[in-house]
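Novice: Residue strings, one per chain:
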Amino acid sequence: MNKTILEVKGLKKYFPISKGAQKGMFVKAIDGIDFTTKEGETLGLVGESGSGKSTTAYNVIGMYGATAGKITFKGEDISQISSKRPLNFKKDIQMVFQDPGTTLNPQRSVRQILTLPLSIHGMLDKNDPEGQLIQLLEAVELSAEYLYKYPSSLGGGERQMLAVARALSTNPSMIVLDEPTSSLDVSVQAKIINMLLRLQQQHNLSYLFITHDLSLMRNLATKVAIMYLGKIAEIAPVETFFTAPRHPYTQMLLSAIPVISEEEEIFKQAKITPKGEIPSPVNVPKGCGFNTRCPFAKEECFIDDPLMQEIEPEHFVRCHLI
Amino acid sequence: MNNKQEKVVTKRDKYENIKQSWYKFSLNKMSVVGLVVVCLVAILGVFEPIIAPFPTHVGAYVNFKEASIPPNTTYWMGTDVFGRDIMSRIFYAFRGALTMGIGVLVVVVPLGGILGLIAGYWKGNWISTLIMRVTDVFLALPPLILALAVSAILRPTLLNSMMAICVSWWPWYTRLIYGMTTTLRNELYVKSAELLGASKGHILFREILPNCLGPLFTKMTLDMGWVILTGASLSFVGLGEQPPIPSLGTMVSDGAKFLPAQWWIAIFPALAIMVIVLGFNLMGDGIKDMLSSEE
Amino acid sequence: MKDKIVDIRDLHVWYRTFAGQVKVLNGVNLNVIRGEKVGIVGETGCGKTTTVKSILKILAKQASIPKGEIFFNGTDVLKKNKNELKQLHGSGASMIFQDPTMSLNPVFTIGSQMFAVIKYSGQPGAEKKSVQQALAIKALKETSMPDPERILQSYPFQLSGGMRQRISIAMSLATPRDLVIADEPTTNLDVTIQDQVLKMLKQRVEDKGSSLILITHSLGVARETTDRIYVMYAGSMVETAFTNELFKKQLHPYTQALMDCIPRLSGGGVSEGIPGRIPNYLNPSAGCRFAPRCPKAFERCQTEKPEYVDVGTEHQVACFLYS
Amino acid sequence: MLVNWLKRIGTYLLVLLGLSILVFIIGRVIPGDPARQALGPRAPEEVVQALRVEMHLDKPFVTQYVLWLKGALRMDLGKSLMTRRPVIADIKEFLPATLEIVSISALLMVLGGILLGILSTKYADSWLDGVIRVISYLGIVSPAFVWAIIFILIFGYMLPLFPTTGRLGLSIISPPTVTGMYTIDFLLNGDIVGFKDALSHLLLPAIALMLGGLAQAARITRSSMTENSTKDYILAEKAYGIPERTILLTYLLKPSLIPTVSVLSLDIAALFGNAFLVEQLFNYPGLSRYGMQAMLNKDLNAMSAVVMILGIVFIIVNILSDVVVAYLDPRVRLM
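Quick mapping for you: the protein sequence lines, in order, are chains P, U, D and C.
Take any residue in the first sequence, count from 1 to its spot, add 9: that is its number in my numbering.
Take any residue in the second sequence, count from 1 to its spot, add 3: that is its number in my numbering.
Take any residue in the third sequence, count from 1 to its spot, add 2: that is its number in my numbering.
Take any residue in the fourth sequence, count from 1 to its spot, add 440: that is its number in my numbering.
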């Protein structure tokens, strides 16, 4: 059995609202979540916009500090904001963002972009820096000629490969991937996904993979967690998740996915027609957050927020119906 | 890997970049006209002693016999009431004008820019609030009035009028850079650098500042024109370079007394001001096109 | 003879840029039969949006049409004068745009925008305020918008993306239209909202007896919404077939490769992707534009542009492998 | 909503306070002895000393400032050294004249600038657009005082259509003071001849003042309209067959005016600055000419007062532009 690398316990992140009619209230972006990731695993964190999945990623990487709860990485507490974390954690957890166009400074060359993390962490090979950088580029299937290019002359896929190379440069044990392929075409997405899988094998990487695309998770996650309104609704190993989903929201999401073959239709067995929209994380409904859209909601769903239960090993569901 | 080969690649890329930038710049013919005008003004100003037909006329030269002659083949722009060649004096005044523009920008751009960077990056912090409130106060007056007020208090010299313009000009750069920095600091590439643990210096000057340079250069080019114009306005009311040293503003205001009969005394220096400002304006537009990513 | 509402023949569109003429559309052929729901599927930059914008004659100023014909209801749009275009725009075709944050004017209320659309639709009595109001409310109700009166007084920024897209749908069908064009209407929406909006769109178009052109990059979306699909690559249609048929049998190497790239809900991993990039439109080769990336390309593909060949009922492929 | 506006006004008041400090610093700290400077080197020492006491220059700096500020709040701005009258009396006399000229100038600038912007968008890349562009460049690059000289040259000597000096013709008697703005006072008095005369005196300086701002407004309007015209919502409106004219004048103009308004508010403030030179040239007895004289004569009380008034005007213009932007942009109004 692999070791646990990341453990999130009771994590909360509230943002105060400083302007407008809702001044003084809080955006409850994450409202108490727990999960763990093991070495070499991919945890897929799925949800709609406003579910808190990206905030979770930003908390893990340290762009925000936690409001409450604890994030443990390799046994050490890293709940605080990145600037207060010891340098070696910044080396050990890396991040790839959604839009490769905005994560690469347009005024800096590929060489400068790749050199930065190495020189910060004192890992730059003084004798042959170029060779080291070229090795990095080659690891993500880019050739040496890219070294002196600027991001603007790269295609979307190439930029994302470069972002992966940067994340890889410090030899991390974990990479947080925030929708790394959602702004790319499927033909490019396929390339990136295969590369990520290969790199995971080679370096025994753990991925925290944020996405809204369940079909994608099916093909690369070890474990899938589904978030709704700042909370995890269901979390299970990938096989269980797709063959025996229990939470009505999971079933609703699955039945909303447009698919391209009859074999896939089988996985949409629930046929719950989606209705309504995700409520604002400022005015969270009383009781279960999903009660405004749940076709099976009963009285107690409007009174109490359900607790997470383990219905079979590794399969957790947070629903009154179970 | 062969080091030399790499360097060649860089150089070629840079050369390509320059070529493309020039192409974009020259796409609008007016920008090229602007550039030519600016270069011409600079050459005439710098080499005035060689180029000007009557280099001695720039000082306290008096020749009443030749006074107030309309433009002719000897004096292309005529002579003033002291019999001095107006063209030579305009060439010399270009010097003062360019000195003024460059001198002011050299002070206000780094000063205003760094304040803007600091205020923008630490927005929400007291230091940022302080800087921006002070900036607001300076911006509450039209630059010309503030410059007039300051230079009226000081002794009228070129240096003092430059100082006065600096006082009224820096906040515009603070505001420009502040505005850009507040957006840029939230860019993911800045966040990425922060997450990697890069130093504040690196983030301010390597990640944020290079992305401000486009609008900054555009504003600087345009401002060369405006600063010169403001300087001319100051010397127009006598708060700049003192006679007998020629400056465009003084020449216009002196000449205005002899309108309309001796129109050339005021009109040519006035045209000279317009030409300089126009040159920098056209060039600024070209630079804006050049740095815009649109194709 | 089938009643073709749209019939595009050999359409070429070029854009003037500082680097030269970018030859975006390279002979597009497309037709839509009255009442049919047609999908155009392709990746970024293949010219989907340009194709439909030229039907409505709302291309950017830099665009030119060196060659081609666009018949709408039997007449060539490109030869129409201003008055005839009024009819095309008023009751002929309407368009729903991709980005719900940009497709409604930010500084006018939903009401004033809908009223203007109805006013210029050429419907009898549409100049009357009361008719506009009634039609707008009816259209909003039909897209199951709660509280339509309040919606009419709202500004776009006060509504969510899903609601804005539904308003766009309501607007496009507030008065009868022969054709609705939807350009990636759900790309920026969450999957549960996408499902609702697509179902709504499909149902509204069917109820009104209009035709639909749905542009999407997602084969899944096209499969669930349309009757027939065009697969587009680098400025021309490479394959067209009825939706069911296309998902059973893909003939063009590009369609096949595209299918393989899509991650399946049933698992099994994804393919390695399609090598290379889309070609440069400045100096495209005279041959098949997919040839440089095509695993099955041969000599002829490099020099000659393949034309459509029939390979079944309404199934056509532009590929030399089948001619 | 209301809280936001109050907050904004509070910020502006803070700016005003800051401005008073700035003015005070410029006036009293930099030059050394303002009393001596004001009276000149030949004034007898006891006169200078008397002035020092009068201006509280014998007291510490902070006390000086507090005394000055207290006075200012009581509308007591001290005595002008030039006119030997209370500054407030001078301002009452000269401010309306400048407000009159600047208002007309601003009105022409706003309407003309937006109109030119619309025209050059509508006829983009045609000869008319070209002509407007050339006019814009000329307007932008020529300082107001150059325009003033050109106007005086043309209309004063070659084509005497408009008067080039003063506020009224010699044969016209000034109207009874109500607002101090002659055009309005004449109208209130029912004196059409006087009104026409006052207006004709305003026209040239007003135009000379605003040409730069006009050109700026036209350029901003054009570029903002051109940028917005490629937005999806405009394409959608075109696709729905809404007539070009309606789109241009309603759906495209309204969102495009938002940047124009903020540029215009800066330009209106700049009109006051330009008025410093232009009023001088047209011999127009306004506040700006008064301020210019005060500066050149080192009349500190008058100078500080004029600068503070310009600050207040700037703030009023800003509040107005905030209101207009809020009217144009529901996002500002409702959020």
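It is possible that some hints are incorrect.
[Stated by the list, open to error] Calculated cross-link-like contacts (lysine to aspartate or glutamate; reagent style EDC-like; alpha-carbon spacing at most 20 Å):
| hint | chain 1 | residue 1 | chain 2 | residue 2 |
| --- | --- | --- | --- | --- |
| 1 | P | Lys28 | C | Glu667 |
| 2 | D | Lys250 | P | Glu272 |
| 3 | U | Lys27 | C | Glu684 |
| 4 | D | Lys250 | P | Glu273 |
| 5 | D | Lys63 | C | Glu486 |
| 6 | D | Lys69 | D | Glu306 |
| 7 | P | Lys158 | U | Asp139 |
| 8 | D | Lys251 | P | Glu323 |
| 9 | D | Lys84 | D | Asp101 |
| 10 | D | Lys250 | P | Glu309 |
| 11 | D | Lys82 | C | Glu667 |
| 12 | D | Lys55 | C | Asp498 |
| 13 | C | Lys678 | D | Asp180 |
| 14 | D | Lys251 | P | Asp313 |
| 15 | P | Lys284 | D | Glu129 |
| 16 | P | Lys277 | D | Glu226 |
| 17 | P | Lys284 | D | Asp5 |
| 18 | D | Lys84 | C | Glu684 |
| 19 | P | Lys28 | C | Asp565 |
| 20 | P | Lys284 | D | Asp180 |
| 21 | D | Lys63 | C | Asp762 |
| 22 | C | Lys447 | U | Asp139 |
| 23 | C | Lys678 | D | Glu129 |
| 24 | C | Lys671 | D | Asp101 |
What the hints contain is simulated information worked out from the structure, not anything from laboratory work.
Novice: Each hint should be assessed against the structure and marked as holding or not.
Specialist: Hints versus structure:
no.	hint	in the structure
1	Lys28/P with Glu667/C	violated (30 Å)
2	Lys250/D with Glu272/P	holds (12 Å)
3	Lys27/U with Glu684/C	violated (32 Å)
4	Lys250/D with Glu273/P	holds (14 Å)
5	Lys63/D with Glu486/C	violated (77 Å)
6	Lys69/D with Glu306/D	holds (18 Å)
7	Lys158/P with Asp139/U	violated (41 Å)
8	Lys251/D with Glu323/P	violated (40 Å)
9	Lys84/D with Asp101/D	violated (28 Å)
10	Lys250/D with Glu309/P	violated (47 Å)
11	Lys82/D with Glu667/C	violated (27 Å)
12	Lys55/D with Asp498/C	violated (78 Å)
13	Lys678/C with Asp180/D	holds (17 Å)
14	Lys251/D with Asp313/P	violated (51 Å)
15	Lys284/P with Glu129/D	violated (36 Å)
16	Lys277/P with Glu226/D	holds (13 Å)
17	Lys284/P with Asp5/D	violated (37 Å)
18	Lys84/D with Glu684/C	holds (11 Å)
19	Lys28/P with Asp565/C	violated (44 Å)
20	Lys284/P with Asp180/D	violated (29 Å)
21	Lys63/D with Asp762/C	violated (34 Å)
22	Lys447/C with Asp139/U	holds (15 Å)
23	Lys678/C with Glu129/D	holds (18 Å)
24	Lys671/C with Asp101/D	holds (10 Å)
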